[in-house]
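Q: What follows is the residue order along each chain.
Protein chains: 2
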Amino acid sequence: MNKKVFRNLSYGVYVVSTLDGTRPTGCTANSVMQITSEPASIAISINHDNYTNGCIARTGTFAVSILSEDSDPGLIGTFGFQSGKDVDKFDGTAHTIRDGMPVLDDCCGYIVCRVIDKMETSTHTVFLGEVTDGDVLETAPAMTYAYYHNVIKGKSPKNAPTYLPEEEAAEPSARWVCSVCGYVYDGEVPFEELPEDYTCPVCRQPKSKFVRK
Amino acid sequence: MNKKVFRNLSYGVYVVSTLDGTRPTGCTANSVMQITSEPASIAISINHDNYTNGCIARTGTFAVSILSEDSDPGLIGTFGFQSGKDVDKFDGTAHTIRDGMPVLDDCCGYIVCRVIDKMETSTHTVFLGEVTDGDVLETAPAMTYAYYHNVIKGKSPKNAPTYLPEEEAAEPSARWVCSVCGYVYDGEVPFEELPEDYTCPVCRQPKSKFVRK
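One line per chain: the protein sequences are S and D, in this order. Residues in the first sequence are numbered from 1 upward in steps of one, following UniProt numbering. Residues in the second sequence are numbered from 1 upward in steps of one, following UniProt numbering.
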């Protein structure tokens, strides 16, 4: 089996969110798809290790914020490369409570769901959600995973369904890589000459978190 | 709720196939996503009305052929706007048996799965498949649903999770529409002046199947 074929499956880039008690929390996700049209339902796949997983199981509700090509790519790092157990990811992130759930303001649309079923796998839970609310928020095209990977040069964290262990090995040597999210710097200015307040465009970590590979 | 938000979810375009006894059959699908990476599993959503649904349940095995931007869009109509109960969709469609399952030759990659779980909804079955085989077949970019919708001007059949009842109403009046698949002719040559052997680029039906709306 050639695992590179999984790169040919197409996805969007989403932030799946819920409440931890009264505190908003969430995580970046790719695996979101519509299951039925009438009544509308969607499925999401969330790793058991994601703090969001247990919070969705407890509240029985989640929201999906759909990132657009105009959304700040830093949101992917904020929600994707750190845990909601340790960090209040929504602190400093503009959001609005919609149908009881936290939704990012910087996205092209959102969907709120009530969990109606779930399926367990070895590492992930597939939550089936009946849609209770949803709207389009802006007209920019939805960000696809291909756009994130090819244009923003982003990577998947290790607990994502779409993570490919080989992806590091495919990079050429002697490049500066963010040790937190795997972003590879490819600007025209040599990395050493970047200002000291340079931050990773994906996860917002400081220049000091980059390592030469 | 504004159902137009579902248009902002991103998908690929796939043919999900299996065997009806010894006869290959299958249907067009958008709702395919990876669930786990190790061991690799994917989920698909198939309408109860799709003949493929019962065939997958019986064989416990399915394949996903991933269409690319270079794939013949006619495949979408062949597999999407007619039933495998009535028609041998693989008759005249180049394919190869891979790991026991029929896979299109005109695609950028394939995945073969053994069904390990399923979840029923009111209209669709979500099959969870453990991946037993898969490979990349060509380097052309995977066709996204957005590409199918915006570039090929294709539509969803009524039993697709992504079907939007409003989509007909959004079209301007006095256009020629394929009565089989909903494709709207938008070429520069007036429809009436097209040659008599013109066929729908999506479902390959003859010019006579177009109606003025």
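Hints may be right or wrong, so weigh each one.
Just so you know, same-sequence chains aren't split out, so a pair can sit in one copy or run between any two.
[Stated by the list, open to error] As a list, the in silico DSBU-like pairs of lysine-lysine whose alpha-carbon atoms are at most 35 Å apart: (1) K209 / K3; (2) K153 / K207; (3) K209 / K118; (4) K3 / K85; (5) K4 / K118; (6) K85 / K118; (7) K4 / K209; (8) K207 / K85; (9) K207 / K118; (10) K118 / K213; (11) K207 / K158; (12) K207 / K3; (13) K118 / K3.
FYI, nobody ran anything at the bench for these hints, they're computed from the structure.
Q: Is it within, between, both or neither when you check K209 against K118 at 35 Å Cα-Cα?
A: neither (38 Å within a copy, 43 Å between copies)
Q: Please work out whether the CA atoms of K118 and K3 approach to 35 Å or closer within one copy, between two copies, in both situations, or in neither?
A: Both. Shortest intra-copy (26 Å) and inter-copy (23 Å) distances satisfy the 35 Å Cα cut-off.
Q: Regarding K4 and K209, is the shortest C-alpha distance of 35 Å or less found within a copy, between copies, in both, or in neither?
A: within (28 Å within a copy, 41 Å between copies)
Q: When Cα atoms must be at most 35 Å apart, do K4 and K118 count as within-copy, between-copy, both, or neither?
A: both (28 Å within a copy, 25 Å between copies)
Q: At most 35 Å between alpha carbons: which applies to K209 and K3, within, between, both or neither?
A: within (29 Å within a copy, 42 Å between copies)
Q: Between the shortest in-copy and the shortest cross-copy C-alpha distance, which are at most 35 Å for K3 and K85: within, between, both, or neither?
A: This pair counts as both: shortest intra-copy Cα distance 31 Å, inter-copy 33 Å.
Q: Using 35 Å as the alpha carbon limit, work out where K207 and K118 are close: within a copy, between copies, both or neither.
A: For K207 and K118, neither the intra-copy (41 Å) nor the inter-copy (46 Å) Cα distance is at most 35 Å.
Q: State whether the alpha carbon distance between K85 and K118 is at most 35 Å within one copy, between copies, both, or neither.
A: both (23 Å within a copy, 31 Å between copies)
Q: Is the C-alpha distance from K118 to K213 at most 35 Å within one copy, between copies, in both cases, or in neither?
A: Answer is neither: 41 Å inside a copy and 43 Å across each miss the 35 Å cutoff.
Q: Could you figure out if K153 and K207 sit no more than 35 Å apart (CA to CA) within one copy, between two copies, both or neither?
A: within (17 Å within a copy, 45 Å between copies)
Q: At 35 Å max between alpha carbons, let me know whether K207 reaches K85 within a copy, between copies, both or neither.
A: within (25 Å within a copy, 60 Å between copies)
Q: For K207 vs K3, is the C-alpha pair at or below 35 Å within one copy, between two copies, both, or neither?
A: Answer is within; shortest intra-copy Cα gap is 32 Å, inter-copy 42 Å.
Taken one by one, the earlier hints fail for this structure at numbers 3, 9 and 10, listed in ascending order.
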